[in-house]
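Undergrad: These are the residues of each chain, in order.
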Amino acid sequence: MPVNETADPGDGPPQLDVDAILADRAIRIVVCCGSGGVGKTTTAAALALRAAEDHGRRTVVLTIDPARRLAQALGLTELDNTPRQVKGLQPDSAELQAMMLDMKRTFDEVVLAHTDPKKAEEIFANPFYQAMSSTFSGTQEYMAMEKLGQLRELDAWDLIVVDTPPSRSALDFLDAPARLSRFLDGRMLRLLLAPARAGGRSVFNLVSASFGLFSRTVTKILGAQLLTDLSGFVGALDSMFGGFRERAEQTYRVLQAPETAFLVVAAPEPDAVREAVYFAGRLEAERMPLAGLVLNRVVKVAAPQLSSADARAAADRLDEQGVHPATAEVLRVHADLFDQHDRQTAVADRFLRAYPAVPVVQIPAQPADVHDLDGLRAIGSTFE
Amino acid sequence: MVTGKGGTGKTTVAAALALALARDGKRTLLIEVEARQGIAQLFDRDPLPYQELLIATAEGGGEVRALAVDVEEALLEYLEMFYRLGIAGRALRKVGAVDFATTVAPGLRDVLLTGKIKEAVTRTADGRRVYDAVVLDAPPTGRIGRFLNVTAETARLAKVGPIKTQSEGVAAILRSPMTAVHVVTLLEEMPVQETADAIDELTRLGIPIGTVIVNATRAPVLAGAKLTQADLRRGLTAAGVSVDKETLTGLVGEAKAYQTRVAAEASLRAELHGLGRPVVELPILPEGVTPASLASLGDLLLTSA
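The listed protein sequences derive, respectively, from chains A and B.
Just so it is clear: in the first sequence, position 281 is 281 by this note's numbering, and no numbers are missing.
Just so it is clear: in the second sequence, position 265 is 265 by this note's numbering, and no numbers are missing.
Just so you know, the hints here were simulated from the structure itself, not pulled from any lab data.
Among the hints, erroneous ones may be present.
[What the hints assert, rightly or not] In the EDC-like style, the derived pairs of lysine to aspartate or glutamate whose C-alpha atoms are separated by at most 20 Å in a straight line are:
#1 A/K87 x A/D54
#2 A/K300 x B/D244
#3 B/K26 x B/D44
#4 A/K300 x B/E246
#5 B/K256 x A/D339
#6 A/K300 x B/E188
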C-alpha cells in the first residue's frame, strides 16, 4: 500500500496503512475512539478479526455496547465480562477472543482487589456504592480503562483492540481518570473524611466551626440517614482510593506509550467530524499516539463520469416523455449519491484542513448492516 | 420529551417540534440538559447561559425560548427557593459540595434536571401558564429510562425528606398525560433496536410514550425493480445520454446497492410499526438544517400528532 508522505496539499492526506499497524508486533493496544453512532464497535471488531486472521496475532477485542446481531456473530450471547473464543475463523488456527464490558461487575472486581472480603461486602451493600457503580457519569469510561489495564496485565494476547464507550462526548474516555482523581482529591471528600480519620463517629462534629452552618444545612436537606450512609461509603472507599488512582494513572501512561495506537473513527457528518477534530487535538495535548483517522460510511460513486446535474436533467427528460421510469429512478439515485458524496467530502475536509499530516483511511458505506464475520472481513479488506 | 440514539438528530427534531408548537402566538421553551450546547450549535449562536433566551420566532408571531440547564445552577436555585440559604449556598459551591453530591449520587442530578423542567412546565404568571409547551432535548435512549425514573433512583438514597418529596412531584408529572416521550430513530439497525428497548423500558415505568419519529428517510424507489444493463442502456439512449461500459456497470451497481438498502430499511420500518406506537417519517434534509427545513419538519410533526 503506497504511503504518501509528501505533505503536498494537492495530494490530499497521507494514506493510513492499517495493515502495517495490525502487523506491527511492537503495537499491543489499538484504541478506537470517536463519537457515538459512527460505527466504532464494528470497526474495532473488523480490525481485531483482520489482526487475528491475516496477521496471525493472538487478539482480544473489548466491546462496550455492540449491536445484538454483531455480538452474536462474535459469539457473545451474554454480558459476562469474560473473553470468549470467536468461532468460524479462517484459518482455524487464528486466535480471536471477544468480550463485552460489564461496568458494575468490573467495579466490583476493583473493590475486591483493593480491600478484604468483609469490607467489600459492606461497600457492595451501601446505597451510594450501588448508585455510583451503576450510574456515575464516567463510570463506564473509567471501567473500560480499568478493564484494558486488567487485560494487559493478564498478558495472554499479542494485541488488545478496544472500543470506547458511546459517551456524550468522546473526551469522557480520556477524562475519566482525571475526573476520578479530582473527585478523590476534592475538598468535600476531605471534609467528609476528616472525622472518620480522626476516629470520630459523626460526619461533621470534628469539622471546623465555620463549617457548622454548612453541616446544619446539609443535615437539614439530606436527612440524617443519608448522611450516615454517605459517611460509611466514603470511609470504606477511603482505604482503596490510593489504589484506584494508581491504577487509573498506570493505564493512562500505557495509553501514552508507543505500544498503543489510537484510531479516531468518524463518519463524514458535521457532528462526528467536529468531535474527531476535537479528539485529535486532545490526543495531541495528552501526548497520546494518534495513528490516524478511520473515515467510516464514505459514499462511493461508481459512475463518476456522469455528473449529478446531467443525471437529473436526463431523468427529467424521461419523465417528460413518460418513458423508462426505472432508468429515471436509477439516474436520480446516482445524482443523490453524487451530491451526498460531495457533501461528505466537504465535511471531511474540515478534519483534513485541521490535521493535514494525520493519515486517513476510508471505509465505504456498506449497503446493509454488518452482522457476521464475512461482513467484518469485507470491511477489513478495504484496508488493503 | 424527545429522545433517540445519539446521531439520530433528536436535537433537530426537538427544535422543529418547539417551533411548530409555538405557531400562532404561542410560547414554548426548548430545554437541553446534557451540557452539549446542541441547541446553540443548531441555531448557530454562542453557547446558551442558564437563562431562558428567545432563540427563534414561529409562524404567526409565536416565540421559542431556549434554556441549557446547568446542574450546579439548578441545585443552587432549588436550595434558594426552598431553604433561602444565602451565604450557606455559596459555601456549598465553594467546598465543591455540588460537584460531590451530583457525582456520588447521580440520581440527584437527574432529580434536579427534571425538577427544573417541572418548574418550567408549571410556572404561571397572571394566572396563566408561562409556556404553552416545554420541549426537552432529552438524554439518549440508552439513558432515558434512568433519567426519567427519578423516584426509584432517589428512593434508594433518601427515604424521607425534601429530596424525596421533590422527586415524587416530578414523577407525578412525568407519568401524567401532560408528558409524552417521542423517540427519534433512523432506519438503521442500532437506532431501531434502541428504540424498541426504550419503548419497552418506558412502558414498564409507566411513562407515556408519544410518537416514533423516523428521521432522514429516503423515497423507497426502485423497490423490487429488475435492473439489467440492456434496459438501462435503452433508457439512457431515450434520454439522450450516451455512456461508456464502465459508467453503465457503475450505475447498475449503485442502483443494486440502493435496492439492498431499501430492502433492509423496509424490514426495519416494519419492525418500528410493530411497536404499537404512531410512526411519522421525516425526509432527509439534503441541504442541512435551515429555518425553512425546520418549519417543514414541523408541519409533518404537527399533522401526525
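Undergrad: Which of the numbered hints are not met once you compare them with the structure shown?
TA: Violated hint (a single one): 3; every other hint is consistent with the structure.
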